[in-house]
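**Q** Here is what each chain is made of, one letter per residue.
Protein chains: 2
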Amino acid sequence: MDNQTIHTLMNHRTIRDFSDRQLDQATVNTLLAAASQTATSMFMQQFSVISITESSLKHTFAEITGDTHAEKNGHLFIFIADQYRNYQIGQASGQSTKLLGEADRLLAAIYDASIAAESLTTAAESIGLGASYLGSILNEPQQLVDLLHLPTLTFPVFGVAVGYPVTIPEQKPRLPLTAIHFTNQYHLPDNYSQLLDNYDHELTDYYNQRSTNSRVETFRHNIMRQLAKSPKQRRTVLKVLRKQGFLLDEQ
Amino acid sequence: MDNQTIHTLMNHRTIRDFSDRQLDQATVNTLLAAASQTATSMFMQQFSVISITESSLKHTFAEITGDTHAEKNGHLFIFIADQYRNYQIGQASGQSTKLLGEADRLLAAIYDASIAAESLTTAAESIGLGASYLGSILNEPQQLVDLLHLPTLTFPVFGVAVGYPVTIPEQKPRLPLTAIHFTNQYHLPDNYSQLLDNYDHELTDYYNQRSTNSRVETFRHNIMRQLAKSPKQRRTVLKVLRKQGFLLDEQ
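Protein sequence lines, in the order shown, are assigned to chains A and B.
Residue numbers for the first sequence follow UniProt numbering, so the first one is 1 and each next one is one higher.
Residue numbers for the second sequence follow UniProt numbering, so the first one is 1 and each next one is one higher.
No lab work stands behind these hints, which were simulated from the structure alone.
A few of these clues could be false.
Which copy is meant is left open, so a pair is good if it fits within one copy or across any two.
[Claimed, not checked] Calculated cross-link-like contacts (lysine to any residue; reagent style SDA-like; alpha-carbon spacing at most 25 Å): (1) K98 x A179; (2) K98 x L247; (3) K239 x Q143; (4) K239 x L99; (5) K58 x T167; (6) K229 x S96; (7) K172 x L195; (8) K72 x T167; (9) K239 x G101; (10) K98 x Q233; (11) K232 x D67; (12) K172 x S193; (13) K172 x A33; (14) K98 x H187; (15) K239 x S96; (16) K232 x H221; (17) K229 x Q91; (18) K98 x K229; (19) K98 x L248; (20) K243 x E102; (21) K98 x K239; (22) K243 x Q185.
One chain only, chain A, in its complex shape (with noise of 0.2 Å):
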């Protein structure tokens, strides 16, 4: 079972390094009409897209969120989770908008920015373009509603640069199938311990064997890295969800 689609999406990389190339008019539309076309909760439609081009906004969005790569080069889209543009039309009928900041909507408007950014990059890598997901913008996110002048309702959820690729890397090897899905029931393998142990064999070899900032790694010290620490502003991230208005339910 093998076509283009499957092909692209089995051979998906995270590309960080872009050539000084940028993209066409045609070629974002194409990628943004690709995003608008996908399921969307409850057919709302609640995800926007900013593109960030202005050369000092792209240094300032670099330097609030520590993301060096995304200055350089590529095309910088910016997804938000938004419930603002139906907040405007219950508020020009006087109609109660109270559930719009509620936790499943929130959600819901999550999901949909998150789906339209997966169309947004499969449909640039289908066409040779490399893409990468930047989450460090969680790490400001005050700064991030503040630069990019959000209302309330809307939420960063992360960037995708997306770009011509200098160098295509090895694929990095996931986790077996047994140990992310199940029949009828959550249930992690018996022998979770071991196939994780094969894993991170697997792992330690492709940094091994990357031609680029090769390593000594395994999976679970990548683990452990991450629950021994986080950027300090990432602990505002439920403070400003309730500022944008959401969340509010039980207060």
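With chain A fixed as given, assemble chain B onto it according to the hints.
**A** Frame of chain A; chain B shown alone:
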């Protein structure tokens, strides 16, 4: 700019009615493999998939969610935001796992699950299968947690039903790109209201002309309906997220 992948993405429709033909195991594995290769935040691989295959469980799922389509045919994948697998790694080494319950880690797990689901959906559509997202999973979050035996630090985000389509419906028009894409800062177009008028007309035409389930409806109608009411148990989403160990930052 066109190829099979972009063609697949641009032709997305929600398919809810499937023939009796079941997905074979090779197809299920191909879809899961495509999903597993997607980007993952901080390389933490924080999502899982549960296939509901047992018919009594499918029946209970349909009762809980009110989604009767899912019961009859099609393969039912439930996507889980999953920090439990990494919690196990931390526990095994005596490392604090506190960070896994923070808001940013919940978001990362939801992103991972969502973009993996979109890759699975795109792979399915590329080989002629149809799919629908089942957001109805949020109608009864605690019952879903119980039904699937979900451990701490997991949450069921949505289902994806995949099968062989009986009919292919017309494609539902989306908001124009000018309403969802901005440059450098968030800014609804000055003619947003006019643009909504046009879009409402376009959508009414679509509903009038489509062969099944024809009705008079606009985008604004739908939004007003979604603002007016929502299933009662959806108000428990935040509580269930907390019970699962998430968003405890401020408690």
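**Q** If a hint holds in the structure, say so; if it doesn't, say that too.
**A** The hints, checked one at a time:
no.	hint	verdict
1	K98 x A179	between (40 Å within a copy, 23 Å between copies)
2	K98 x L247	both (11 Å within a copy, 21 Å between copies)
3	K239 x Q143	within (13 Å within a copy, 28 Å between copies)
4	K239 x L99	both (19 Å within a copy, 16 Å between copies)
5	K58 x T167	within (23 Å within a copy, 46 Å between copies)
6	K229 x S96	between (41 Å within a copy, 10 Å between copies)
7	K172 x L195	within (17 Å within a copy, 44 Å between copies)
8	K72 x T167	within (16 Å within a copy, 47 Å between copies)
9	K239 x G101	both (14 Å within a copy, 15 Å between copies)
10	K98 x Q233	between (28 Å within a copy, 16 Å between copies)
11	K232 x D67	within (16 Å within a copy, 42 Å between copies)
12	K172 x S193	within (20 Å within a copy, 47 Å between copies)
13	K172 x A33	between (29 Å within a copy, 14 Å between copies)
14	K98 x H187	between (38 Å within a copy, 22 Å between copies)
15	K239 x S96	both (24 Å within a copy, 23 Å between copies)
16	K232 x H221	within (21 Å within a copy, 43 Å between copies)
17	K229 x Q91	between (42 Å within a copy, 16 Å between copies)
18	K98 x K229	between (36 Å within a copy, 10 Å between copies)
19	K98 x L248	both (9 Å within a copy, 23 Å between copies)
20	K243 x E102	both (13 Å within a copy, 17 Å between copies)
21	K98 x K239	both (19 Å within a copy, 18 Å between copies)
22	K243 x Q185	between (37 Å within a copy, 19 Å between copies)
In the structure shown, no violation is registered for any of the earlier numbered hints.
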